[in-house]
Amino acid sequence: MNNTSHSQPGYNFAYLDEHTKRMIRRALLKAVALPGYQVPFGGREMPLPYGWGTGGIQVTAAVIGQSDCLKVIDQGADDTTNAVNIRSFFQKVTGVRTTEATREATLIQTRHRIPETPLQDGQILVFQVPIPEPLRWLEPRETETRTMHALSEYGVMHVKLFEDIVRHGRIATTYDYPVIVNGHYLMRPSPIPKFDNPKLHQSPALQLFGAGREKRVYAVPPYTDVRSLDFEDHPFAIERWSEPCALCGATESYLDEIILDDQGQRMFVCSDTEYCNTRQAEGHRGTQNSPTSVAGLAGAQA
Amino acid sequence: MSRPLLQVRGLAKRYGARIGCEGIDLDLYPGEVLCIAGESGSGKSTLLNTLAFQLQPDEGQIQYDLKDRGLTDLGTLTQAQLRELWRTDWGFVRQNPRDGLRMQVSAGANIGERLMAVGARHYGDIRGAAADWLARVEIPEERLDDAPKSFSGGMQQRLQIARNLVSRPRLVFMDEPTAGLDVSVQARFLDLLRGLAAELDLAVILVTHDLAVARLLAQRLIVMRHGRIVETGLTDQVLDDPQHPYTQLLVSSVLAA
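Protein sequence lines, in the order shown, are assigned to chains R and A. Going by the working numbering, the first sequence opens with residue 1, and the numbers climb by one from there. Going by the working numbering, the second sequence opens with residue 1, and the numbers climb by one from there.
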């Protein structure tokens, strides 16, 4: 492979060797052909611990090319430790362009969020997955869960949601909310908030999921049906907030709660920093972001 | 009695050179309670698990009267059909409730599981059915949201019954369901079971080493030894007038109260 443009001598383009990348791409092709099906792959040791995104990084490394523009987010933010380090890792070993703008990126690796800005045709979203098996909580045997997937025997997943309603009066699962992909396979969407579940459905982007510790990849191809499980009398619903983003005034985004002091003061701000910053640059203002208070709160989101 | 619900011919299950059970022929009719008795290691549980097709038989044939197909060789069913049979038309009550229940979810969810497995998606309806079944097995309805681990042994066994009967099975397999219960709880459990079996026209195959259980529940009794059936007949007939020396020994070993 041509690896002249990157800046780390002694390493192949995108860290992994070409055989490994090809092996992962083969697994990904199978995953795309069987939406939601978990495909085993030969996971490699990566230069960071399991749980920090080794699965996502291997998938990104397998699909990234010289002309890609990479964005990395962690819980929606471009500037947290995980995001910064993975982005600089790929800068070092590929030399590709990186960006914070969702629209500019061709490849987005994410931990626990889908960007607020709608994705477009041709974009690839790579999720970091801690536990790929949605039935693990209910059935510890791998042989049994595979059979259950093969036969679409998913009634037991509803037992978990049923138990939620018994204990909390509503479906209290708020992240990693189980979905049925393309009318067949039950899938864990990785720990994204259920707020993001509707974005999985009929997304124009290719969505790839990598679990490094469990050595599984799975995928949701563009324009695939993704349905969140629910009950007829307890339909699926996303989170709502009583107030808009304190910085940009957005009412349609996923908000993080930030505790300001020990007197019970708090603010809600967009978890997607790039979305929030873009809106502020466009002149949108939230309650705590009037020109006089900007200086005091500028660091609150960092 | 028209045609049998379950028909078994020449059934054998071996573990290598050792015999699990061998030469088993039996017919079970709808609504009939059949008891398999015998000492530990006589092949009772192996036979039960083989009849339920949870162990693959090495020889012979098991035919079951499927609702839509009539008598069918279970060996010809696909895994999907077999698993559907297991969770709809059949039930299993285990000796240890930990094997038969989901201990970490509520009693209501335990009972509702089979309904959800066949596509029930209305929380209110499922919960209503669960409450109804809880009452039928004489567990107070306010325990609906409690986890089975907070239940007594007798309640756990009754919950297992409810969890299985909610899908209206025609055949229930039970492996020593009363073994862990004390005598008074056992009597109440057996009484309940006898009532439900009669009310629902339920066929039951029950394994026990306790001849009193057989006397109370079963119309027909099979006595096993070394993996073979040594005597079979009406329960009272076998217990009152045992023919085989081993059955005679078994009956005479019971302490008269």
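Treat each hint with caution, since some may be false.
Claimed, not checked - Derived coverage of chain A by chain R (criterion: at least 3 residues anywhere in the stretch with Cβ under 8 Å from a Cβ of chain R; other residues may be distant):
hint: 1; stretch: 75-83
hint: 2; stretch: 165-177
Said to hold, decoys possible - Label pairs and their computed distance ranges (CB to CB):
hint: 3; chain 1: A; residue 1: Arg168; chain 2: R; residue 2: Glu144; range: 24 to 34 Å
hint: 4; chain 1: A; residue 1: Pro140; chain 2: R; residue 2: Thr147; range: 49 to 59 Å
hint: 5; chain 1: R; residue 1: Thr117; chain 2: A; residue 2: Gly153; range: 53 to 63 Å
hint: 6; chain 1: A; residue 1: Gly41; chain 2: R; residue 2: Ser152; range: 54 to 64 Å
hint: 7; chain 1: A; residue 1: Gly41; chain 2: R; residue 2: Asp233; range: 43 to 53 Å
Worth flagging that the hints you see were computed from the coordinates, not collected in a lab. Where a beta carbon is used, it is the ideal one built from N, C-alpha and C, also for glycine.
Quick rundown of the hints versus the structure:
1. Evaluation of the coverage hint for the stretch 75-83 of chain A: fulfilled, as 3 residues show C-beta separations to chain R shorter than 8 Å, against a requirement of three.
2. With 0 residues having a Cβ less than 8 Å from any Cβ of chain R, the stretch 165-177 of chain A misses the three-residue criterion, and the hint is violated.
3. Between A:Arg168 and R:Glu144 the beta carbons are some 25 Å apart, a value that agrees with the proposed interval 24 to 34 Å.
4. Between A:Pro140 and R:Thr147 the C-beta distance comes to about 37 Å, which lies outside the given range of 49 to 59 Å.
5. Separation of R:Thr117 from A:Gly153 is about 58 Å and conforms to the stated range, judged on CB atoms against 53 to 63 Å.
6. About 40 Å separates the C-beta atoms of A:Gly41 and R:Ser152, a value inconsistent with the hinted range of 54 to 64 Å.
7. A hinted range of 43 to 53 Å holds for the C-beta pair A:Gly41 and R:Asp233, which are about 51 Å apart.
Hint compliance for this structure: hints 2, 4, 6 are not met, and every other hint is.
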